[in-house]
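> Fit chain B to the given chain A structure using the hints.
Protein chains: 2
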Amino acid sequence: MKIIRTVKSAKKLTSHLRLKNKIIGFVPTMGYLHEGHLSLIKIAKKKSDIIFVSIFVNPLQFGPNEDFEKYPRDFKRDEKLCKKAGVDYIFYPKRKEVFPPGFAANVNVVKITEILEGAHRSGHFKGVTTVVLKLFNIIQPHIAVFGQKDAQQAAVITKMVNDLNINTKIIIAPTKREADGLAMSSRNVYLNNEQRKDASYLYKALEYCKESLTPPLSKGKGDYIDLERIKRQMYKIIDSRPSVTKIDYISFNEYETLMPVNSIKETGKNSKILVSLAVRFGKVRLIDNITVLIKK
Amino acid sequence: MKIIRTVKSAKKLTSHLRLKNKIIGFVPTMGYLHEGHLSLIKIAKKKSDIIFVSIFVNPLQFGPNEDFEKYPRDFKRDEKLCKKAGVDYIFYPKRKEVFPPGFAANVNVVKITEILEGAHRSGHFKGVTTVVLKLFNIIQPHIAVFGQKDAQQAAVITKMVNDLNINTKIIIAPTKREADGLAMSSRNVYLNNEQRKDASYLYKALEYCKESLTPPLSKGKGDYIDLERIKRQMYKIIDSRPSVTKIDYISFNEYETLMPVNSIKETGKNSKILVSLAVRFGKVRLIDNITVLIKK
Chain A
1 MKIIRTVKSA
11 KKLTSHLRLK
21 NKIIGFVPTM
31 GYLHEGHLSL
41 IKIAKKKSDI
51 IFVSIFVNPL
61 QFGPNEDFEK
71 YPRDFKRDEK
81 LCKKAGVDYI
91 FYPKRKEVFP
101 PGFAANVNVV
111 KITEILEGAH
121 RSGHFKGVTT
131 VVLKLFNIIQ
141 PHIAVFGQKD
151 AQQAAVITKM
161 VNDLNINTKI
171 IIAPTKREAD
181 GLAMSSRNVY
191 LNNEQRKDAS
201 YLYKALEYCK
211 ESLTPPLSKG
221 KGDYIDLERI
231 KRQMYKIIDS
241 RPSVTKIDYI
251 SFNEYETLMP
261 VNSIKETGKN
271 SKILVSLAVR
281 FGKVRLIDNI
291 TVLIKK
Chain B
1 MKIIRTVKSA
11 KKLTSHLRLK
21 NKIIGFVPTM
31 GYLHEGHLSL
41 IKIAKKKSDI
51 IFVSIFVNPL
61 QFGPNEDFEK
71 YPRDFKRDEK
81 LCKKAGVDYI
91 FYPKRKEVFP
101 PGFAANVNVV
111 KITEILEGAH
121 RSGHFKGVTT
131 VVLKLFNIIQ
141 PHIAVFGQKD
151 AQQAAVITKM
161 VNDLNINTKI
171 IIAPTKREAD
181 GLAMSSRNVY
191 LNNEQRKDAS
201 YLYKALEYCK
211 ESLTPPLSKG
221 KGDYIDLERI
231 KRQMYKIIDS
241 RPSVTKIDYI
251 SFNEYETLMP
261 VNSIKETGKN
271 SKILVSLAVR
281 FGKVRLIDNI
291 TVLIKK
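For the protein sequence lines, the chains are A and B, in the order given.
Position one of the first sequence corresponds to residue 1 (my numbering), numbered consecutively onward.
Position one of the second sequence corresponds to residue 1 (my numbering), numbered consecutively onward.
Excised from the complex, chain A in its bound form:
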């Protein structure tokens, strides 16, 4: 496994690999790797000849009051995990290598970025799409794997790739969870003991929702499912935990377009719904989601 620190040397290598018809698989990360990241690497390995992982805490996707400075970093640990996972190259650039002084370009996707996380984290997705497009141009991957845990990010990047005709196939990998259901996240290390225990209730609320929407919904019955009632119950499940400070949102959206779903009646046959939420435990903000297939 090799570590690459500059854009120039990465490009030289990936151009060479492309010419040799090696399939390049790519997992972009902000480091502090966990089982979730490793599952993305595993999926990428199955579909590629050469695996790149990037480790870069992207300043553009953090708001001024967010956790860029204290975001957990441990390159030595990440390096070991990547080696063990069979990664071929880690792209680990310095900040000024990616964003030199005078950097002035950006990539944006409108509408789909203005709701959910976008409504609570101004400029976040513009930062994500800008850095991901840059990384795609540097690594030149045939495939790139993202986690379903960041569901809106996955939808936004898929939309960017389609709209801008980018030559990379996006694969979305299922969320990895702890034994009690908590979605794995580098930010989980921020949680104290009480918060960590209470955080498992996010998944409990999502599971409650899934059960309420689980097929078979007998003929016509699905139309009368009351999403507002389900949502109220989910709020209750989460709000019952003492260390929860604020629920930013609980939301039902169409899976690909992220258009809000107000009633099951509106959805098509066999439509996929994204149920997502964002919850604050003090200064720690966690997100999670599930998808539900509505069979009518």
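No lab work stands behind these hints, which were simulated from the structure alone.
Treat the hints with caution; some may be incorrect.
Computed cross-link-like contacts, EDC-like style, restricted to lysine to aspartate or glutamate with a CA-CA straight-line distance of at most 16 Å [said to hold, decoys possible]:
hint : chain 1 : residue 1 : chain 2 : residue 2
1    : A       : LYS197    : A       : ASP180
2    : A       : LYS265    : A       : ASP239
3    : A       : LYS126    : B       : ASP163
4    : A       : LYS8      : B       : ASP163
5    : B       : LYS22     : B       : ASP88
6    : B       : LYS8      : A       : ASP163
7    : A       : LYS210    : A       : ASP226
8    : B       : LYS126    : A       : ASP163
9    : B       : LYS210    : B       : GLU254
10   : B       : LYS11     : A       : ASP226
11   : B       : LYS2      : B       : GLU66
12   : B       : LYS96     : A       : ASP163
13   : A       : LYS96     : B       : ASP163
14   : A       : LYS11     : B       : ASP163
15   : A       : LYS111    : A       : ASP163
Just chain B, lined up with the frame of chain A:
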């Protein structure tokens, strides 16, 4: 020569050419080709194995009160000219092939796009960078040639390519002019006889400027050249023509960064200055520019 109408078939072809290590040269155009475009093709041919020309009148780069609808189009004529010029492939997509319903992505470069043409044509450069990035992803060119006549466009695209790590080398080709100095442009067909005659004074004003700034500027002398006096004289030369309706701007800027140059004193040794202007003849708006090397 072949004509390609879809993104899918273009990508299939260019991916194949890339694998075969063919150097792809690309000249993006809005059609209605003239000697200027042909000179770009000639330059691209010298540096590539396979030449692509795109012909697409990009709706995103026209303002609501601009000439998108009446912009001159003649594909049959363009086809003949490309064939004669030795083009291998014309990419000639329909509008909805490039911008399908629900298209929501954009690429933008800040600052450098907010002056000169950007100040007079809101959203113009965002439209340019968005379509050029898309075309680059579709054609996957090793090199792309743009005309110096659209000097700010050339600077903006160069900045986008650098900032977003795009794997295409940008070449800027000198402006082709008619016998009387008028810069070639597809929009010149809009001019009536009087306007056409008067339009040659744009270049006369630029030539006057070049002479006023021509080396050798004896030791220290350059510092005292009065740019405002030169600019006033250029306004006079152009304003003297009866069919001139409005001078949008005459401007001195650093060549690459487009930072305004207020005095020769400010510039470095051997710095390159862009002298650019935009002038309206009734509804017809023409731009032109020259570069001047300031030798101190």
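> Run the distance test for LYS96 of chain A versus ASP163 of chain B: straight-line Cα separation, threshold 16 Å.
Satisfied, since the Cα-Cα distance of roughly 12 Å is no more than 16 Å.
> Checking one constraint from the list: CA of LYS11 of chain A to CA of ASP163 of chain B, max 16 Å. Satisfied?
14 Å, holds
> Holds or violated: are the alpha carbons of LYS210 of chain B and GLU254 of chain B at most 16 Å from each other?
15 Å, holds
> Within a Cα-Cα threshold of 16 Å, do LYS2 of chain B and GLU66 of chain B meet the stated pairing?
Measuring from Cα to Cα gives roughly 32 Å; hence the hint is violated.
> Measure nothing beyond the straight line between the CA atoms of LYS265 of chain A and ASP239 of chain A; if it is 16 Å or shorter, mark the hint as holding.
28 Å, violated
> Given the hint that LYS210 of chain A pairs with ASP226 of chain A, does the C-alpha gap stay at or below 16 Å?
Within the cut-off at roughly 13 Å; holds.
> Need the status of pair LYS8 of chain A, ASP163 of chain B: alpha-carbon distance at most 16 Å?
13 Å, holds
> Is the Cα-Cα distance between LYS11 of chain B and ASP226 of chain A 16 Å or less?
46 Å, violated
> Are LYS126 of chain A and ASP163 of chain B close enough, with their CA atoms no more than 16 Å apart?
Given that 16 Å is the threshold and the Cα spacing comes to 15 Å, the pair holds.
> Compare the distance between the alpha carbons of LYS111 of chain A and ASP163 of chain A with 16 Å, and conclude whether the hinted pair is satisfied.
Between LYS111 of chain A and ASP163 of chain A the Cα gap is close to 13 Å, so the pair holds against 16 Å.
> Take a quick look at whether LYS96 of chain B and ASP163 of chain A sit within 16 Å of each other, Cα to Cα.
Holds, because 12 Å separates the two Cα atoms, which is no more than 16 Å.
> For a C-alpha distance cap of 16 Å, please report whether LYS197 of chain A and ASP180 of chain A respect it.
9 Å, holds
Of the numbered hints given earlier, the model fails hints 2, 10 and 11; all others are met.
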